[in-house]
Amino acid sequence: MTTMTVRERGNMWSYRSLIWNFAQRDLKARFKGTALGWLWSLVVPIATLVIYSVVFSTIMRMEPPPFGNGNKGNFTVWLLAGLTAWSMFAGSLNTAIGALLGAGPLLKKIYFPPYTPVLGSVIALLIQSMIELGIYLVVLTALGNVSWTWLLVPFWLVIFAVFLSSISIALAVLNVHFRDLAHIIGVAIQLLFYLSPIIYPMSLIAGKSKMGISATTLISANPITQFIEIFRDLTYGLTPGSPLAWLYITVWALAMAWVARRVYRARALDLSEEL
Amino acid sequence: MTDPAVRVVGISKKFTLHTEKRNSLKERLVRGRARTDGDFWALTDVSFDVPRGTTFGLIGNNGSGKSTMLKLLAGVHRPTSGSVIANGRVSALLELGAGFHGELTGRENIYLNGSILGLSKRQIDQSMEKIIDFAGIGDFIDAPVKVYSSGMYVRLGFSIAVTVDPEILIVDEIIAVGDEEFQRKCFDYMFELRKRGTTIVMVTHSMGLVESMCDQAAWLENGQLKAIGDSRDVVRQYLDTVNDREVAAALPQPVAETPQVVVGGEHPRLGSGEVRIVGLEYLNESGSLQPVLMCGDPATFRMHYRATESLRDVVFGLGFRHETGVTLAGPNSENGPTPVPVLASEGFVDFHVPRLTLQPGNYEVSVAAVKRGHTYDHVDRGFELRVRGHDGSEPGLTRMFGHWTAPALTVEPSVVSGSPR
Numbered sequence: 000m001t002t003m004t005v006r007e008r009g010n011m012w013s014y015r016s017l018i019w020n021f022a023q024r025d026l027k028a029r030f031k032g033t034a035l036g037w038l039w040s041l042v043v044p045i046a047t048l049v050i051y052s053v054v055f056s057t058i059m060r061m062e063p064p065p066f067g068n069g070n071k072g073n074f075t076v077w078l079l080a081g082l083t084a085w086s087m088f089a090g091s092l093n094t095a096i097g098a099l100l101g102a103g104p105l106l107k108k109i110y111f112p113p114y115t116p117v118l119g120s121v122i123a124l125l126i127q128s129m130i131e132l133g134i135y136l137v138v139l140t141a142l143g144n145v146s147w148t149w150l151l152v153p154f155w156l157v158i159f160a161v162f163l164s165s166i167s168i169a170l171a172v173l174n175v176h177f178r179d180l181a182h183i184i185g186v187a188i189q190l191l192f193y194l195s196p197i198i199y200p201m202s203l204i205a206g207k208s209k210m211g212i213s214a215t216t217l218i219s220a221n222p223i224t225q226f227i228e229i230f231r232d233l234t235y236g237l238t239p240g241s242p243l244a245w246l247y248i249t250v251w252a253l254a255m256a257w258v259a260r261r262v263y264r265a266r267a268l269d270l271s272e273e274l
Numbered sequence: 000m001t002d003p004a005v006r007v008v009g010i011s012k013k014f015t016l017h018t019e020k021r022n023s024l025k026e027r028l029v030r031g032r033a034r035t036d037g038d039f040w041a042l043t044d045v046s047f048d049v050p051r052g053t054t055f056g057l058i059g060n061n062g063s064g065k066s067t068m069l070k071l072l073a074g075v076h077r078p079t080s081g082s083v084i085a086n087g088r089v090s091a092l093l094e095l096g097a098g099f100h101g102e103l104t105g106r107e108n109i110y111l112n113g114s115i116l117g118l119s120k121r122q123i124d125q126s127m128e129k130i131i132d133f134a135g136i137g138d139f140i141d142a143p144v145k146v147y148s149s150g151m152y153v154r155l156g157f158s159i160a161v162t163v164d165p166e167i168l169i170v171d172e173i174i175a176v177g178d179e180e181f182q183r184k185c186f187d188y189m190f191e192l193r194k195r196g197t198t199i200v201m202v203t204h205s206m207g208l209v210e211s212m213c214d215q216a217a218w219l220e221n222g223q224l225k226a227i228g229d230s231r232d233v234v235r236q237y238l239d240t241v242n243d244r245e246v247a248a249a250l251p252q253p254v255a256e257t258p259q260v261v262v263g264g265e266h267p268r269l270g271s272g273e274v275r276i277v278g279l280e281y282l283n284e285s286g287s288l289q290p291v292l293m294c295g296d297p298a299t300f301r302m303h304y305r306a307t308e309s310l311r312d313v314v315f316g317l318g319f320r321h322e323t324g325v326t327l328a329g330p331n332s333e334n335g336p337t338p339v340p341v342l343a344s345e346g347f348v349d350f351h352v353p354r355l356t357l358q359p360g361n362y363e364v365s366v367a368a369v370k371r372g373h374t375y376d377h378v379d380r381g382f383e384l385r386v387r388g389h390d391g392s393e394p395g396l397t398r399m400f401g402h403w404t405a406p407a408l409t410v411e412p413s414v415v416s417g418s419p420r
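First to last, the sequence lines map onto chains A and B.
Quick note, the first sequence lines up with residues 0 to 274 if you use numbering that gives the first Met the number 0.
Quick note, the second sequence lines up with residues 0 to 420 if you use numbering that gives the first Met the number 0.
Here chain A stands alone, though its shape is the one from the complex (with noise of 0.2 Å):
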């Protein structure tokens, strides 16, 4: 028998199978009392795939670059790889940053951290985006263009939850404290995808600006716009990716992971009596 006070339970690992029912919550009740299901979560994506594809590649004729296994490109493959690791981001912060008023009569009655809703939340999003991905891969392997790259995905996927889990914490909390956040936040995401090469190729980008600082030098310095173009290279392209990209999201995701333990350490402690 140990002695602790109350709320030292234990680590973060300790905690894995509440942060795992909150995230089967969060699957099961979204697509609970739906006719279609899980397809419901394709409906979006796939709509909004067409749509980008026939205005970008049918009226704007954007050249998409050549596959990795040398055959000439498509715009709409090309446009998923950037969807799908886009989408993982997206609804990740769009989620979770509501998770902890969603988890707020239950904070008041129970300890438990308040991270374990946010992470739950983050990784069913995640588990749901698996199924765009599966798409995206089993479309790849159809047209011949699958390398050993792939296996570089995991460790992808990796970083980039470590750097999403890490912003919804901290956003999720922030949002306890000032409610209007989400608002801002949904004004940022669409800002953000213009900021990154979902919808059109880095090389695309006009080089010189008049602000002083190039458009490129901007939508590089993104973080998002490195973890799509790993992806893309990775699964698209075949190459595993500059090692200074991959540095780059390494060192945003552990900033993003130094940051959230910031803010929970000074906000999250106290959540129940703001909830």
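Hints in this document: simulated from the structure, not taken from any laboratory.
Only pairs whose alpha carbons sit at most 30 Å apart, straight line, appear in this in silico DSBU-like list of lysine-lysine:
#	chain 1	residue 1	chain 2	residue 2
1	A	LYS107	B	LYS225
2	B	LYS194	B	LYS184
3	B	LYS145	B	LYS184
4	B	LYS25	A	LYS107
5	A	LYS27	B	LYS145
Being a predicted model, the structure only gives us computed values, none of them experimental.
Since chain A is already given, all that's left is putting chain B on it; use the hints.
Using the frame of chain A, we list chain B on its own:
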């Protein structure tokens, strides 16, 4: 083990009061930081130990800090200063079914709620049958909890919580929910836990429960520890203070000129009127006027009358009717010891009891002055009487004062504890 199960050391808890909540960035930017209306100390420097294996009650008025204390014990809030140390796994039942998700079925919610309470999936799997059985909600277990009745909701919540098999259980006034059958189940279970050596900390307003279930109790008032110790002593101290306060708040009733006639009394006033009872007073041992009488204490009922003729052999009577509608007693002066003569003026008669046997509660008092079948005056339920107690109530409407003895034992009892069936 001599270590206490829970040790509370110098705990204080401050809440910041805001006139208006400014929890949006917009408001922060436009109007700056919220003005604080000062701090509210829900608890100041409270320390106590809960010995292992005992049941500990927290009592006090509303707003005294009991619930805050429980939340600190459960870890929901952090203390502003001081610390709570728990030796063992804590399970808190501050609200049953708080973590249920309406769309999920009862079974799915068991997994979710169980893991919040710290159970692993395997433990939940093992306890699943027991939980479903204890909740007794039948086939509803596979229906979404949003279709549950509130009773079923609570039962499922309790079933999950008690299955955690905690070493330290923290309970907020939850036993009061559910039907009679379920309440008994809860009590049986709590008894079971006590026997197994679980430490229980509970908040309740039922003094009877504290006396019967708790070994020790702490009395909080305005966030401070007022008394701690044997639960009976603490309850007695608490009740005495509450009683005193009630007495102080209720101004001693002056002798009423005419009895307050209770609306709805079937026969408010009867009689020929040669003698009219104009007031009823309650006096304590020392003869001072009381708005409230204490069960077990000496009491005097003083009936003031006004007579237009001098009469002999007037019989005065009192009737005590409990708020539940039961008439408990009807003492009258017919049986003496001395006849009460009445002069044509104002006066009073006293009825003394050495020990008030009425249980705490509210009573309606009827008064009458009669003579062999003739009614001079009768006021049906014209007066109110409040009786309060020094300790938690026993069941029933009257208290039998007595003492218990047992013959000296010649052999050691072989069975020390048994099932209370």
